[in-house]
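Chain by chain, the residues run as shown.
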Amino acid sequence: MVVRIRLARFGNKHQPFYNIIVAQARSARDSKPLEVIGTLNPFPQRPTNLSEQEARTARAYKEISLDRSRVKYWLGVGAQPSDPVWRILNLAGLVQQKQQSPK
Amino acid sequence: MFQWLDTEGAPLKHHIPGSTNYLPDLKIRGGSFDKGEPSTQPFPLNANFVSESILSEELRNEIHKRVVGQKKSIRAVSAELGVDMRRVAAVCRLVEMEKRWKQQGKPLALPYARAVHEMVPTTPLQDSRHQRQTPHESINDLPAHRLTNAQIFYPVSESRQFTRIEAGRVFSAAPARDHRIVTEEAANPSEAMSRITQNPSRIETVGKGAKEQPVLQPADVRIPHPHLVVHERQRIANPNEFQLVRKAYDARLREEEEIERDRKLIAQERRERQLSRVQPESSRFEFRIKDVVVSKETTGSDGRGARAPGRRYGVPSYDRKKGQIKIPTQVVV
Amino acid sequence: MRNRATTPLSKAKIRQSWSKYNLYNLSRSRDPRTAQRTFFQQKWTAKSLSRNYHGEQVRESEWERMFSRRLRSVVPMDPYKLARDDGSGMAAGRGSGLEKFPEENPTPKRLLPASRNPNATPYTHMTFAPLERRLDVAIFRALFASSTRQARQFVVHGSVTVNGKKMRYPGYLLNPGDMFQVDTERVMFATGAPKDKFERREGRVERKKAEAKDAEAEGEEAAAEEAKENESEGETKEAEEETLDTRGTLKTLLDQAKSIMTSNKDVLPAKRKQEIRGFQKAIRRVMSKSPDSSILAANLETQFAEIMKVLKAKKIETKEAKGSKKETKDSQKTETAPTTPEAKGTETAATGENKPTEALNEAFRQAAQNPEEELDTSELTDEEFEVLRHALVQLRDNPIDSTKPYATPWRPRDYMSAFAFVPRYLEVNHNICAAVYLRHPVARPGSSEVPTPFGENIATAAFSWYLRRR
Chain A
1 MVVRIRLARF
11 GNKHQPFYNI
21 IVAQARSARD
31 SKPLEVIGTL
41 NPFPQRPTNL
51 SEQEARTARA
61 YKEISLDRSR
71 VKYWLGVGAQ
81 PSDPVWRILN
91 LAGLVQQKQQ
101 SPK
Chain B
1 MFQWLDTEGA
11 PLKHHIPGST
21 NYLPDLKIRG
31 GSFDKGEPST
41 QPFPLNANFV
51 SESILSEELR
61 NEIHKRVVGQ
71 KKSIRAVSAE
81 LGVDMRRVAA
91 VCRLVEMEKR
101 WKQQGKPLAL
111 PYARAVHEMV
121 PTTPLQDSRH
131 QRQTPHESIN
141 DLPAHRLTNA
151 QIFYPVSESR
161 QFTRIEAGRV
171 FSAAPARDHR
181 IVTEEAANPS
191 EAMSRITQNP
201 SRIETVGKGA
211 KEQPVLQPAD
221 VRIPHPHLVV
231 HERQRIANPN
241 EFQLVRKAYD
251 ARLREEEEIE
261 RDRKLIAQER
271 RERQLSRVQP
281 ESSRFEFRIK
291 DVVVSKETTG
301 SDGRGARAPG
311 RRYGVPSYDR
321 KKGQIKIPTQ
331 VVV
Chain C
1 MRNRATTPLS
11 KAKIRQSWSK
21 YNLYNLSRSR
31 DPRTAQRTFF
41 QQKWTAKSLS
51 RNYHGEQVRE
61 SEWERMFSRR
71 LRSVVPMDPY
81 KLARDDGSGM
91 AAGRGSGLEK
101 FPEENPTPKR
111 LLPASRNPNA
121 TPYTHMTFAP
131 LERRLDVAIF
141 RALFASSTRQ
151 ARQFVVHGSV
161 TVNGKKMRYP
171 GYLLNPGDMF
181 QVDTERVMFA
191 TGAPKDKFER
201 REGRVERKKA
211 EAKDAEAEGE
221 EAAAEEAKEN
231 ESEGETKEAE
241 EETLDTRGTL
251 KTLLDQAKSI
261 MTSNKDVLPA
271 KRKQEIRGFQ
281 KAIRRVMSKS
291 PDSSILAANL
301 ETQFAEIMKV
311 LKAKKIETKE
321 AKGSKKETKD
331 SQKTETAPTT
341 PEAKGTETAA
351 TGENKPTEAL
361 NEAFRQAAQN
371 PEEELDTSEL
381 TDEEFEVLRH
391 ALVQLRDNPI
401 DSTKPYATPW
411 RPRDYMSAFA
421 FVPRYLEVNH
431 NICAAVYLRH
441 PVARPGSSEV
451 PTPFGENIAT
461 AAFSWYLRRR
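Chains A, B and C are the protein sequences, given in the same order. Residue 1 is where the first sequence starts when you use full-length UniProt numbering, and the numbers rise one by one after that. Residue 1 is where the second sequence starts when you use full-length UniProt numbering, and the numbers rise one by one after that. Residue 1 is where the third sequence starts when you use full-length UniProt numbering, and the numbers rise one by one after that.
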């Protein structure tokens with residue numbers, strides 16, 4: 001069976017929060033995983049403690065936490081990231097951008 | 001009721017500028033106005049609540065001037081004027097805001113502020129330079145620690161040097177220290193204390209895993225101004241050399257400030273190192289990727305360690321339950 | 001009309017409110033009787049009494065969830081004592097001969113009950129400390145609202161911000177360092193005396209006028225302008241008549257300023273208002289003398305600035321004149337003459353700030369003693385300038401404005417002083433109606449920071465009620 005790196009939804013209604021987990025592909029989304037290797041907060045946060053000028057140009061940010069060494073290990077043993085996790089790992093510079101499949 | 005308001009309660013109707021006008025005063029002065037000191041107790045039945053003085057306008061501006069204008073540290077200003085450090089910071093914030101309002105031409109509530117300052121006792125600013133500023137409040141408040149609630153019977157041999165440091169160790173169930181270390185520290189207590197205050201991350205801990213907690217430190221370290229204790233020690237040692245002691249005090253204060261600044265800088269750098277910011281072209285957001293560690297140490301043996309990343313498993317979310325109050329818990333500036 | 005349900009007179013309940021009904025209830029409140037009542041009954045009474053005051057707007061279940069049996073306390077430490085003693089004496093004393101027995105009082109001190117021992121920490125007064133974190137209670141404690149219910153309304157109606165963001169939840173629990181801010185107009189309304197019947201009517205008339213003006217402006221602008229011109233012409237004519245006698249106008253101005261500054265609270269508000277209005281008019285007349293008469297139409301702020309400028313110019317003139325006079329006198333006597341007039345000016349300013357009324361009286365007495373001389377050389381003395389300045393400052397800061405929802409000029413509402421205190425866990429700036437929640441309230445030896453009208457026995461019984469061991 002395939003081991004996947006994917007997201008598990010936590011948080012409240014209208015207020016998602018994701019754990020980045022390593023789990024068997026066929027297991028339930030929120031069941032206990034093999035390992036939790038990070039988190040993703042999809043709600044954009046406003047940067048604080050800025051001067052007015054900075055505040056005008058500042059981008060809202062999304063918080064991600066990730067254990068890079070564990071990601072490398074799991075990729076090395078053949079774990080397959082799901083599409084959203086692939087994008088996150090690409091941001092972290094751990095995988096190449098996924099090729100668009102030809103239509 | 002109206003009879004009472006017209007007769008006995010009549011003095012309470014208008015405030016007496018520059019003095020308090022509380023209910024217990026009625027019984028003391030018996031309707032006549034100027035007999036003795038005005039009471040600072042607003043409630044007749046509660047002698048344990050007194051109306052404490054607030055900062056006068058001049059003192060507030062002085063604090064702002066010293067911190068913002070003369071660039072003194074909050075700690076120094078707090079020790080000089082006898083005002084709590086948190087209050088000093090708050091005053092600076094508020095006065096700054098007031099200035100901004102004046103610049104923008106927003107109307108201030110001046111008559112109201114004046115009336116309140118007439119009703120409530122205020123701490124005045126000592127105008128002459130030679131007079132010492134009367135302290136506004138006690139600046140060295142020691143919060144009662146949870147561990148000291150217990151009453152412990154702990155027999156000690158007479159020959160043993162059993163100081164506040166030892167007592168703290170007993171409260172947190174830490175093993176007794178070696179005799180040599182104790183005598184060494186007793187020889188130079190100031191240095192021993194500053195070693196702790198300057199490196200708070202190196203305080204010894206007791207307990208394992210989730211129960212790990214720092215050893216309870218003595219009051220000399222836990223008060224907001226530990227440097228004042230060292231200053232007093234120097235004053236006791238050199239009772240006649242004011243200049244020398246004063247100089248040493250200033251030097252120590254500067255040193256403490258520098259160390260604190262360095263500590264903050266290092267912490268900031270560490271945080272920056274662990275954080276990588278990505279601003280992809282295709283997205284309007286920035287992504288802040290924080291490095292975390294997933295290992296046996298952080299997750300613990302049962303996988304539920306508090307230092308590991310991620311929300312915990314086995315903890316239900318009660319957000320749809322009845323009676324859950326969903327109001328914000330904090331507002332970030 | 002008072003709310004009969006919240007401040008009943010028949011069964012006195014003390015509330016977080018500044019109403020006179022509450023004050024009366026507070027004045028006749030006594031400790032409940034405990035003789036021949038079971039402990040449960042005592043606790044029940046204590047709980048219900050204190051809950052009527054603390055968080056009466058909070059549901060019981062909500063409060064029970066907030067209750068914490070851990071009561072915060074602090075001990076003020078003296079660095080001198082800490083430096084003198086490292087605490088080893090406590091352990092070394094027994095049997096080593098270091099321990100001293102007091103000779104006069106060999107029997108150990110009897111432990112006083114907490115209520116009579118001034119240095120005991122009143123822990124149980126901290127029972128309701130978690131409620132002081134609530135935003136509505138904190139607003140009331142900072143003297144921004146006349147009751148917690150009103151504070152709650154301010155929050156719900158959106159005139160309160162926390163850290164610069166609008167906060168609509170009265171149950172928001174403030175964190176240490178949070179700054180909350182209430183709309184100044186709302187605060188002035190809450191703490192100011194209410195309007196009487198005539199003032200309300202004035203306000204209505206004013207509003208109608210404004211509406212009518214708006215309509216007119218929309219309809220025909222030219223006509224309005226014409227009318228204005230006519231008006232201004234009439235005014236200037238009047239002003240000309242008045243300014244013929246500058247001395248007279250200045251004198252009347254001063255008289256009015258004096259009456260404004262010295263009038264105490266016994267004077268009826270209506271009469272006081274008349275006085276102030278007269279003063280305002282007089283100022284206008286004086287100003288019409290000045291070359292730039294367009295200020296008349298402008299707002300009070302610019303008027304004030306202009307008049308201060310005029311006065312300053314005059315003051316400099318007087319100073320010069322006086323200085324020259326002094327110099328001549330001094331030269332007759334001695335050669336070394338310090339610059340006295342300036343020093344005098346600063347002195348009067350200082351005293352004027354401290355006790356305006358006294359300085360005024362003094363000034364007027366002086367003015368009365370030698371009116372001709374002073375007015376001959378220069379029209380006003382330094383003291384008189386001070387008087388005028390004070391009156392002007394007051395006029396600017398506390399103007400008459402019948403559009404406001406409170407009685408103008410603003411004065412504190414009746415019986416406010418009996419409830420006016422600011423606890424130490426808040427740092428309040430009343431000028432901008434903002435406050436910072438510094439820390440959670442704490443108890444310290446001899447006093448607790450939670451304002452509660454009840455004594456030790458009620459507090460202790462209420463605390464033990466919520467310990468749930470009944």
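Among the hints, a few may not be true.
[To be verified] Residues on chain C that point at chain B, a partial pick, calculated with CB under 7 Å:
#1 Leu143
#2 Asn175
#3 Met188
#4 Leu392
#5 Ala407
#6 Trp410
#7 Pro412
#8 Arg424
#9 Pro445
#10 Ser448
#11 Leu467
[What the hints assert, rightly or not] Covered stretches of chain A (chain B as the covering partner; in silico rule of three or more C-beta atoms under 8 Å from a C-beta of chain B):
#12 2-14
#13 72-83
[Said to hold, decoys possible] Pairs of lysine-lysine, BS3-like flavour, derived with a Cα cap of 30 Å:
#14 Lys195(C) / Lys102(B)
#15 Lys321(B) / Lys47(C)
#16 Lys102(B) / Lys165(C)
#17 Lys99(B) / Lys166(C)
#18 Lys195(C) / Lys326(B)
#19 Lys13(B) / Lys208(C)
#20 Lys13(A) / Lys13(B)
#21 Lys99(B) / Lys62(A)
#22 Lys195(C) / Lys13(B)
#23 Lys65(B) / Lys165(C)
#24 Lys106(B) / Lys11(C)
#25 Lys404(C) / Lys102(B)
#26 Lys32(A) / Lys102(B)
#27 Lys165(C) / Lys99(B)
#28 Lys322(B) / Lys166(C)
#29 Lys13(C) / Lys13(B)
#30 Lys13(A) / Lys290(B)
#31 Lys13(A) / Lys65(B)
#32 Lys106(B) / Lys213(C)
#33 Lys32(A) / Lys326(B)
#34 Lys247(B) / Lys81(C)
#35 Lys47(C) / Lys326(B)
#36 Lys195(C) / Lys62(A)
#37 Lys13(B) / Lys98(A)
#38 Lys72(A) / Lys296(B)
#39 Lys62(A) / Lys47(C)
#40 Lys32(A) / Lys321(B)
These aren't lab readings, by the way, just hints derived from the structure by calculation. Since the model is a prediction, treat every value here as computed from it, not as a measurement. Cβ coordinates follow ideal geometry from the N, Cα and C atoms, glycine included.
Each hint, compared with the structure:
no.	hint	verdict
1	Leu143	holds (6 Å)
2	Asn175	holds (6 Å)
3	Met188	holds (6 Å)
4	Leu392	violated (14 Å)
5	Ala407	violated (11 Å)
6	Trp410	holds (4 Å)
7	Pro412	holds (5 Å)
8	Arg424	holds (5 Å)
9	Pro445	violated (10 Å)
10	Ser448	holds (5 Å)
11	Leu467	violated (15 Å)
12	2-14	holds (count 4)
13	72-83	violated (count 0)
14	Lys195(C) / Lys102(B)	holds (28 Å)
15	Lys321(B) / Lys47(C)	holds (29 Å)
16	Lys102(B) / Lys165(C)	holds (20 Å)
17	Lys99(B) / Lys166(C)	holds (21 Å)
18	Lys195(C) / Lys326(B)	violated (39 Å)
19	Lys13(B) / Lys208(C)	violated (34 Å)
20	Lys13(A) / Lys13(B)	violated (54 Å)
21	Lys99(B) / Lys62(A)	violated (35 Å)
22	Lys195(C) / Lys13(B)	holds (17 Å)
23	Lys65(B) / Lys165(C)	holds (28 Å)
24	Lys106(B) / Lys11(C)	violated (45 Å)
25	Lys404(C) / Lys102(B)	holds (21 Å)
26	Lys32(A) / Lys102(B)	violated (59 Å)
27	Lys165(C) / Lys99(B)	holds (20 Å)
28	Lys322(B) / Lys166(C)	holds (26 Å)
29	Lys13(C) / Lys13(B)	holds (21 Å)
30	Lys13(A) / Lys290(B)	holds (25 Å)
31	Lys13(A) / Lys65(B)	violated (49 Å)
32	Lys106(B) / Lys213(C)	holds (26 Å)
33	Lys32(A) / Lys326(B)	holds (28 Å)
34	Lys247(B) / Lys81(C)	holds (22 Å)
35	Lys47(C) / Lys326(B)	holds (28 Å)
36	Lys195(C) / Lys62(A)	violated (53 Å)
37	Lys13(B) / Lys98(A)	violated (78 Å)
38	Lys72(A) / Lys296(B)	holds (18 Å)
39	Lys62(A) / Lys47(C)	violated (48 Å)
40	Lys32(A) / Lys321(B)	holds (24 Å)
Against the hints set out earlier in the document, violations occur for numbers 4, 5, 9, 11, 13, 18, 19, 20, 21, 24, 26, 31, 36, 37 and 39.
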